[in-house]
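Undergrad: What follows is each chain in one-letter form.
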Amino acid sequence: MSIEVVNITKSYKNFTALENVNLHIPEGELVALLGPSGSGKTTLLRLIAGLEQAQQGSILFNGEDNTNRDVRERKVGFVFQHYALFRHMNIFDNIAFGLTVRSRKTRPSKEEIREKVHSLLRLVQLEGLAHRYPSQLSGGQRQRVALARALAVEPKFLLLDEPFGALDTKVRQELRRWLRHLHGKLGLTILFVTHDQEEAMELADRVVVMNEGRVEQVGSPEEIYLKPANPFVYSFLGRVNLFRGRIQNGRIKLGEAEFTAEQGVSEGPAIGYMRPHDAEVSLHPPQSAAATAVQAHIERITLLGPLVRLELRRLDTKEVFEAEMGRQRFLELLVEEGDVVYVTLNNLSIYVESELQSVPTPALTPVHVTV
Amino acid sequence: MSIEVVNITKSYKNFTALENVNLHIPEGELVALLGPSGSGKTTLLRLIAGLEQAQQGSILFNGEDNTNRDVRERKVGFVFQHYALFRHMNIFDNIAFGLTVRSRKTRPSKEEIREKVHSLLRLVQLEGLAHRYPSQLSGGQRQRVALARALAVEPKFLLLDEPFGALDTKVRQELRRWLRHLHGKLGLTILFVTHDQEEAMELADRVVVMNEGRVEQVGSPEEIYLKPANPFVYSFLGRVNLFRGRIQNGRIKLGEAEFTAEQGVSEGPAIGYMRPHDAEVSLHPPQSAAATAVQAHIERITLLGPLVRLELRRLDTKEVFEAEMGRQRFLELLVEEGDVVYVTLNNLSIYVESELQSVPTPALTPVHVTV
Amino acid sequence: SAASQGTGTNGSGEAGGSQTVELLNVSYDPTREFYQEVNAEFAQEWKAKTGQTLNVKQSHGGSGKQSRSVIDGLEADVVTLALAYDIDAIAEQGLIAADWQKKLPENSSPYTSTIVFLVRKGNPKQIKDWDDLVKPGISVITPNPKTSGGARWNYLAAWGYALKKNGGDEAKAKEFVGALFKNVPVLDSGARGSTTTFVERGIGDVLIAWENEAYLAVNELGKDKFEIVNPSLSILAEPPVTVVDKYAEKHKTKEVADAYLQFLYTKKGQEIAAKHYYRPRSAEVLKAHTPAFPEIEMFTIDELFGGWTKAQQTHFSDQGVFDQLYKP
Amino acid sequence: MKHVTEPAYVRWSLIAVAFLFLGLFLILPLIAVFTEAFKQGAGVFLAAIAEPETLSAVKLTLLVAAISVPLNVTFGIAAAWAIAKFSFRGKNVLLTLIDLPFAVSPVIAGLIFVLLFGSQGVAAPWLAALDLKIIFAVPGIVLATTFVTFPFVARELIPVMEAQGKDEEEAAVSLGASGWKTFWRVTLPNVKWGILYGVILCNARAMGEFGAVSVVSGHIRGMTNTLPLHVEILYNEYQFAAAFAVATLLAVLALVTLVLKSLIEWKTERKSKAEEDYYFDASGEKAG
Amino acid sequence: MRKSFLRRGFLPGFGMTMGYTIIYLSLLVLIPLSVLFLKATTMSWEQFVGTILDPRVIASIRVSILTSFFAACVNAVFGVLVAWVLTRYDFFGKRIIDGIVDLPFALPTAVGGIALTSIYAENGWIGQYLAEWGVKVAYTPIGIWVALTFIGLPFVVRTVQPVLQDWDLQMEEAAATLGATRFATFTRVILPHLLPAIITGFALAFARALGEYGSVVFISGNMPLKTEIVPLLIMTKLEQFDYAGATAIATVMLVASFVMLLLINYLQWRINKFDAAR
Ligand SMILES: Nc1ncnc2c1ncn2[C@@H]1O[C@H](COP(=O)(O)OP(=O)(O)OP(=O)(O)O)[C@@H](O)[C@H]1O
Ligand SMILES: Nc1ncnc2c1ncn2[C@@H]1O[C@H](COP(=O)(O)OP(=O)(O)OP(=O)(O)O)[C@@H](O)[C@H]1O
Ligand SMILES: [Mg+2]
Ligand SMILES: [Mg+2]
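Residue numbers (the numbering used here), protein chains in the order written: chain A, 1 to 371; chain B, 1001 to 1371; chain C, 2001 to 2328; chain D, 3001 to 3288; chain E, 4001 to 4278.
Among these hints, one or two may not hold up.
[What the hints assert, rightly or not] Facing chain A, from chain E, some residues (calculated, C-beta under 10 angstroms):
no.: 1; residue: Gly4134
no.: 2; residue: Leu4169
no.: 3; residue: Met4171
no.: 4; residue: Glu4172
no.: 5; residue: Thr4177
no.: 6; residue: Leu4178
no.: 7; residue: Gly4179
no.: 8; residue: Ala4180
no.: 9; residue: Leu4195
no.: 10; residue: Ile4199
[As the list claims (entries may be wrong)] In silico DSS-like cross-links for lysine-lysine, where the CA-CA straight-line distance does not exceed 30 angstroms:
no.: 11; chain 1: D; residue 1: Lys3039; chain 2: E; residue 2: Lys4136
no.: 12; chain 1: E; residue 1: Lys4136; chain 2: C; residue 2: Lys2223
no.: 13; chain 1: C; residue 1: Lys2310; chain 2: E; residue 2: Lys4226
no.: 14; chain 1: E; residue 1: Lys4094; chain 2: C; residue 2: Lys2135
no.: 15; chain 1: D; residue 1: Lys3039; chain 2: C; residue 2: Lys2121
no.: 16; chain 1: E; residue 1: Lys4094; chain 2: A; residue 2: Lys13
no.: 17; chain 1: B; residue 1: Lys1318; chain 2: A; residue 2: Lys170
no.: 18; chain 1: D; residue 1: Lys3192; chain 2: D; residue 2: Lys3059
no.: 19; chain 1: D; residue 1: Lys3267; chain 2: E; residue 2: Lys4094
no.: 20; chain 1: C; residue 1: Lys2327; chain 2: E; residue 2: Lys4136
no.: 21; chain 1: C; residue 1: Lys2182; chain 2: E; residue 2: Lys4226
no.: 22; chain 1: C; residue 1: Lys2065; chain 2: D; residue 2: Lys3059
no.: 23; chain 1: C; residue 1: Lys2047; chain 2: C; residue 2: Lys2102
no.: 24; chain 1: D; residue 1: Lys3267; chain 2: A; residue 2: Lys13
no.: 25; chain 1: B; residue 1: Lys1013; chain 2: D; residue 2: Lys3166
no.: 26; chain 1: B; residue 1: Lys1105; chain 2: D; residue 2: Lys3267
no.: 27; chain 1: A; residue 1: Lys170; chain 2: A; residue 2: Lys185
no.: 28; chain 1: C; residue 1: Lys2268; chain 2: C; residue 2: Lys2128
no.: 29; chain 1: E; residue 1: Lys4094; chain 2: C; residue 2: Lys2065
no.: 30; chain 1: B; residue 1: Lys1105; chain 2: D; residue 2: Lys3166
no.: 31; chain 1: C; residue 1: Lys2225; chain 2: E; residue 2: Lys4094
[What the hints assert, rightly or not] Per the computed footprint, the stretches of chain A lying under chain E, defined by three or more beta-carbons under 8 angstroms from a beta-carbon of chain E, are:
no.: 32; segment: 96 to 108
no.: 33; segment: 140 to 154
No wet-lab data here; the hints were simulated from the structure.
Bear in mind the structure is a predicted one, so any value in this text is a computation, not a measurement.
Backbone N, C-alpha and C fix where the C-beta goes; we use that ideal spot for every residue, glycine too.
Based on the provided sequences and hints, a complete structural model is requested.
TA: Quick look at the structure:
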């Protein structure tokens, strides 16, 4: 089932949690809602589920207006961040709950319920734990029970609020894989919340980046990583280096490095963003004539499994920044802490402060760069 | 000051939290205590600080027995996981606490205390917040206050329990850098707890891996990543692929891939571990005569910033595994989801089940492999 | 310090070294105003006689409870209780000489009272005598004889009436009193509680009460609402008084305590008693107040029940006659 | 939240039922007390309150509260420290013993002190030798009151201290603070509201206790009558208006303490709310 | 190990506070209460049993237990309702209502009893209307029940309220997303969770009601075998100077209360443990 969020605004007393949010989620997709704490992710999810009411806007399921429909009629599967399992019921009863509370007419027979619960237990790989209580399960197991409970009522789609937030890295990786598998198998529309960019990138078909109650960007993981719509998205998705400089005479100066700005850019302070893996480290000055490289001193080398991260300090501006490379490349380089290297700044994104000063945080507008 | 933990065993009622732990922490090092939840990290830290008493074993500071010494006399700086700031005191009073509670004889004058607190506030970059209360600070700021408070009493070393556990990724990265900086500046011995392997790898000079109350391995980040002492450490530090197979006639067979085992290995089931970045993906079968490559089907491609992760399914055993490579390498490869590729399994670690079956989880012993 | 003042008397009386003497009079509930006046009068007299300032402290409560307090250590110099039995209980503990009742005239009871009926104005149920109380449909208010001393007087009065009427037939008397208590809808724990129930809550057609209580109720709570009915036969209630020898000796107040009780027998004392609706022993004073104290034929405890100890034993102990006849 | 709560008509009828119940069982009696008190006009009311015996009863009541409340506060703090900050065998039994006075009939509460300190009592010989008076004097009243109000502060404080955890104490000790200093400078400031709350309840009950005190008081006018006893005496003397007037003193006292308590709760609530707010803000700031 | 017993970890003061607690508890509660047992032992076993099994004692125990039980039941139901309304809804006067709940603690019980009697007697504010319907409240077991409901109310409200305040609203939301009606959510999800607190409040109210004297004597009518409560019977025994009999009954009541409280504390401890395991 597709979900359409139209022009939703939601405020609490004196605080606007969501402002004019529009979102389309096509049927069968696995969509991640990504954003920092307090950006309104949970609020949006709860609005879609009908646990909250918006001041304005509407929510359509398959084109049908659901804005004023009761939670109970929306047939949404909702998995809460802390699972919200019923503590005094065992796993079986937890999963069966949604079926046993139906009115007598629509309630399946005891036998059918048993069947159903056991098939769900098999699905979430928890056969044999039916008689345990939630307190006797590990976090990952609880998470799966919460999922099974939501699936028992055969929802039209699934909403998950930080499903793996409270879990160990190891368990998390496992469950992620399992969720994707489940998605493939059931073909459900799934919308899940996370504030972990790696999780969003790895799991989702489509990522919605939120900030301060607004949707900043929607796109495939690759799109938003490679073509961030603005500095917020840029720095929220993965590590980023930040260089301060100026635009002067159509040239962008970041310390000793210089780039050509596009035509008609006003002069003034500018900020350059660059991903650490776009920093090209070499022992010798680059061949190219353009001054896109700077000299830097290696302060620390960290081996991070497949990656190696160098912490560098520019000799010109004394700014600290990072470079990342594959292990192989690092082994070829043969550098040590304390060495001085040349770093070419590739794929820089330059932003200048917008002239519109009415907004609280200085709005940055992108500047196209040619080397 | 160096810390020596000798043969420590600590049990709660019917549960052994630490079993025969030995550990040496040389002066001036920054050591990470890494392990899954419940592995006894906090317990060990509290024992060293004297907040808990062991049933057995001793703890030496600079070779001097401290086992039965009171917390107050140990001169340990302890930073609690949830900071444990004094809620009803402002930041200044929090930091000054350790000095003001001294007996009159050893207590510095008011003026001296003020000096000291302000220099600490400068150190943790919180000048100007001296009169705020803990509730008026963000998580990261609280963390730094807790540190300053611990440093005020000029401890001989610093113990930190999951110092960045409760913080956002962004803030976390910042504080990590800051802590390393501090360590360099003060030259203190620092022992910190974490369950995030990346944090341990990035920050520490030396990593102690714990599991179920035992120390599994101690070493530099590189050592434990590259030469894990056992499968637990292997799989706890970074992602790992796991292949099941057999040893037969001195050959290790993992599906269609074959390797030569060392001499005198008993026959039977074996497990091969491999890091995703050790999987070499190519479109063509490798040149080498050895059968170290398998064919696999690309099920999913995930772009993770600097890295690209492929989820692969072996055509022979249908096992799913992962391969990771740099973005550059991926772009060179030109593969898509659904393609079939050849994957060379490099740097495999093979373990066979130990004949000693007394231990609860089957003990695995490593087997040396030659291609 | 408050503690030692509380019950003790600092009098070093006889020699007059100190000018202040304290007495503690432990009494029962309805005597407060009466003793307040007695105290003032006597203190004046005592001052004139000895030059000492006398300060009489009063304690009031249920008679049995007060007696128990004295037994348990409430250091009363004099006790002025509702029935001899309560003082006997104190005497049993050796605090008072066993023959205490002989020490003062008239059985140590300077004033008496009797049991009468209080009915609503106009006497709508036409209650004239005891026999009317056992009629079906009549609602009688009296407290619980097991907890209230006053109630025991009520009970014994009814018993005595039935006994006399039936020529001493105990079984008939038992039946009569049983029938009477069948008509009781509320058993308050004390006499004042019963009065409140009757007066304030408007429950019951007749309240059995002491004469002085009945007068007080009428005067305090409504002359226009109630009237008093005198039965043909009633009991002579003799509230006794005595000095608690042990404590008086300890406080060295024996002399003043004796004088205090003697004062009750003087004309002045008797006048005050009559003013508070207690029947004075003095014939002269009684005559002066005749309209208030009409002639009623009365019997005493000793005559019909062989004294309080015996009456208590037979009627009010656990499994006693009251427990047997009371079947609500 | 709207969608998950009850429909408005259910909500309002529940509120109405609650009001009806509280009205019948709590508010009406309170109103009854006040109307009775003023039945004969403000003059009688004021006279009853200004009467010397009332005043001495007020004094005694305040004195008793002033002794027994601090005693129970000290005990409550000590017990809460031992129970909340340490684990030991038999905690349940200890907690139950602390609860016990809740379940002892006030009559019995008074009786046990009579049995102990009365002149027939177990301790009588010593008391006689020392010429000490416990019952039918202020000490007995204090004892009985203390007994009856025994659990209030401890019961209030134990959960608060337990919820507070040991973190801050651990931090203080690791910074070199001694036990006393930790207690005074860290624990106490953190539970001060809990203590106050306990004090208020304990005080209300101490001033209002009737049964137990009645047994041990001796009812000596102007000396050992507390306010509740004085109310009874006035009532028994058919001075209903005066009795209720004095009772309103107690009711007002109760209401004042309750208002105080509400104020305290409101303050703590506001404080924790402010904290929460800040958490949200802080996390927002972190992200930015 | 001795050392560790005394020190009990890092915090000081265990010995001192524990010692003080035990001493104070002993002096003020245990020793005085033990006198009760001592006194009861002055009776022979036959006498003791005879006292307890006396029909009047049995009847009063029945009255006490039944009225206390029903009062506690009503308090359990309405206590939950009041706690629910106070924690969940916003309405005018909420704070005042919240404050007034503690009134029965503060008002002298006798005043409460008198006030209730004046309301529920046949000529009282409410009693007169009830009388028209033929319902008598004061001077019947219903009156006792009214008084005991009055004094027991704060117990249930104050034990349930904090639990409701801590209650995770998400569990209700979860039930709603699973299609449960409000009623089903309450009975099947919320109530089971509140149950321990309700039982605790119930038991405290029950224990307190069993011992209540001051307010009941005014409204009960004190009719032996009908509306006589146990504490009144104890008083009666005392009036007859029968200390042993009084203490015998008191002892039985005390032991019953103690066992019940122990049960509650055990129950709570179990639940806390269960929660801690989460
Ligand atoms: N009931 C409420 N009353 C007032 N403000 C609220 C309420 N619920 C949420 N908010 C505010 O709305 C904003 C968005 O909250 P929301 O829970 O949707 O954030 P989130 O993106 O889910 O954050 P997190 O990652 O921390 O869960 C926050 O700033 C929060 O303070
Ligand atoms: N007071 C206690 N009583 C009983 N068991 C305890 C106690 N404290 C800790 N444990 C147990 O000891 C084990 C180790 O606990 P510890 O707190 O040291 O783990 P940890 O490694 O710090 O875990 P985490 O990462 O979750 O903080 C856990 O299984 C825990 O359940
Ligand atoms: Mg959220
Ligand atoms: Mg820990």
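Undergrad: Each hint needs a verdict: does it hold in this structure or not?
TA: Hint check:
1. For E:Gly4134, the shortest C-beta to C-beta distance to chain A is roughly 41 angstroms, which exceeds 10 angstroms, and the interface hint is violated.
2. Look at E:Leu4169: its Cβ gets to within about 9 angstroms of chain A, closer than 10 angstroms, so that hint holds up.
3. Among the interface hints, the one on E:Met4171 holds; its C-beta lies about 5 angstroms from the nearest C-beta in chain A, closer than the 10 angstroms criterion.
4. Of the supplied interface hints, the one on E:Glu4172 holds, with its beta-carbon coming within about 9 angstroms of a beta-carbon of chain A, less than 10 angstroms.
5. Interface hint at E:Thr4177: satisfied, since its Cβ lies 4 angstroms from the closest Cβ of chain A, which is below the 10 angstroms cut-off.
6. The interface hint given for E:Leu4178 holds, since its Cβ lies 3 angstroms from the closest Cβ of chain A, which is under the 10 angstroms cut-off.
7. The beta carbon of E:Gly4179 comes within 5 angstroms of a beta carbon in chain A, closer than 10 angstroms, and the hint placing it at the interface holds.
8. Annotation: interface hint on E:Ala4180 holds; nearest CB of chain A at approximately 4 angstroms, less than 10 angstroms.
9. Given hint, E:Leu4195 at the interface with chain A, holds; its Cβ is 8 angstroms from that chain's nearest Cβ, closer than 10 angstroms.
10. Because the beta carbon of E:Ile4199 sits about 14 angstroms from the nearest beta carbon in chain A, more than 10 angstroms, this interface hint is broken.
11. For the suggested pair D:Lys3039 and E:Lys4136, the alpha carbons sit about 26 angstroms apart, so the restraint of at most 30 angstroms is met.
12. Of the pairs offered as hints, the one joining E:Lys4136 and C:Lys2223 holds, with about 29 angstroms between alpha carbons and a cut-off of 30 angstroms not exceeded.
13. Distance restraint check for C:Lys2310 and E:Lys4226: the Cα-Cα separation of roughly 28 angstroms lies within the 30 angstroms cut-off, and the hinted pair is therefore satisfied.
14. A distance of roughly 54 angstroms separates the Cα atoms of E:Lys4094 and C:Lys2135; the hinted pair therefore is violated under the 30 angstroms criterion.
15. Restraint check for D:Lys3039 and C:Lys2121: the C-alpha separation of about 23 angstroms stays at or below 30 angstroms, so the hint holds.
16. The hinted pair formed by E:Lys4094 and A:Lys13 meets the criterion: a straight-line CA distance of about 20 angstroms does not exceed 30 angstroms.
17. Note on B:Lys1318 and A:Lys170: the hinted pairing holds, with a Cα-Cα distance of about 22 angstroms set against a maximum of 30 angstroms.
18. A C-alpha spacing of about 27 angstroms is found between D:Lys3192 and D:Lys3059, which places the hinted pair at or below 30 angstroms, so the restraint holds.
19. Between D:Lys3267 and E:Lys4094 the alpha-carbon distance is near 16 angstroms, which keeps this suggested pair within the 30 angstroms criterion.
20. Simply put, C:Lys2327 and E:Lys4136 have alpha-carbon atoms about 21 angstroms apart, close enough for the 30 angstroms limit, and the pair holds.
21. Distance restraint check for C:Lys2182 and E:Lys4226: the Cα-Cα separation of roughly 13 angstroms lies within the 30 angstroms cut-off, and the hinted pair is therefore satisfied.
22. Annotation: proposed proximity of C:Lys2065 to D:Lys3059 holds, straight-line Cα distance about 25 angstroms (limit 30 angstroms).
23. Taken as a hint, the C:Lys2047 and C:Lys2102 pair is honoured in the structure, with Cα atoms around 28 angstroms apart against an allowance of 30 angstroms.
24. Restraint check: the Cα-Cα separation between D:Lys3267 and A:Lys13 comes to about 21 angstroms, which is no more than 30 angstroms; the hinted pair holds.
25. The straight-line distance between the Cα atoms of B:Lys1013 and D:Lys3166 is roughly 20 angstroms, inside the 30 angstroms bound, and the hint therefore holds.
26. Pair hint B:Lys1105 plus D:Lys3267 does not hold up; C-alpha atoms about 40 angstroms apart against a cutoff of 30 angstroms.
27. Proximity of A:Lys170 to A:Lys185 is assessed by CA-CA distance (about 23 angstroms); at most 30 angstroms being required, the pair is judged to hold.
28. Among the hinted pairs, C:Lys2268 with C:Lys2128 is inconsistent with the structure: their alpha-carbon atoms are about 35 angstroms apart, more than 30 angstroms.
29. Annotation: proposed proximity of E:Lys4094 to C:Lys2065 is violated, straight-line Cα distance about 45 angstroms (limit 30 angstroms).
30. Between the alpha carbons of B:Lys1105 and D:Lys3166 the distance comes to roughly 29 angstroms, so the proposed pair stays at or under 30 angstroms and holds.
31. Pair hint C:Lys2225 plus E:Lys4094 does not hold up; C-alpha atoms about 45 angstroms apart against a cutoff of 30 angstroms.
32. With a cut-off of 8 angstroms between beta carbons, the segment 96 to 108 of chain A has 4 residues touching chain E; three or more are needed, and the interface restraint holds.
33. A stretch counts as covered by a chain when three or more of its residues have a beta carbon under 8 angstroms from one of that chain; for the segment 140 to 154 of chain A and chain E the count is 4, and the coverage holds.
In the structure shown, a violation is registered for the earlier hints numbered 1, 10, 14, 26, 28, 29 and 31, in ascending order.
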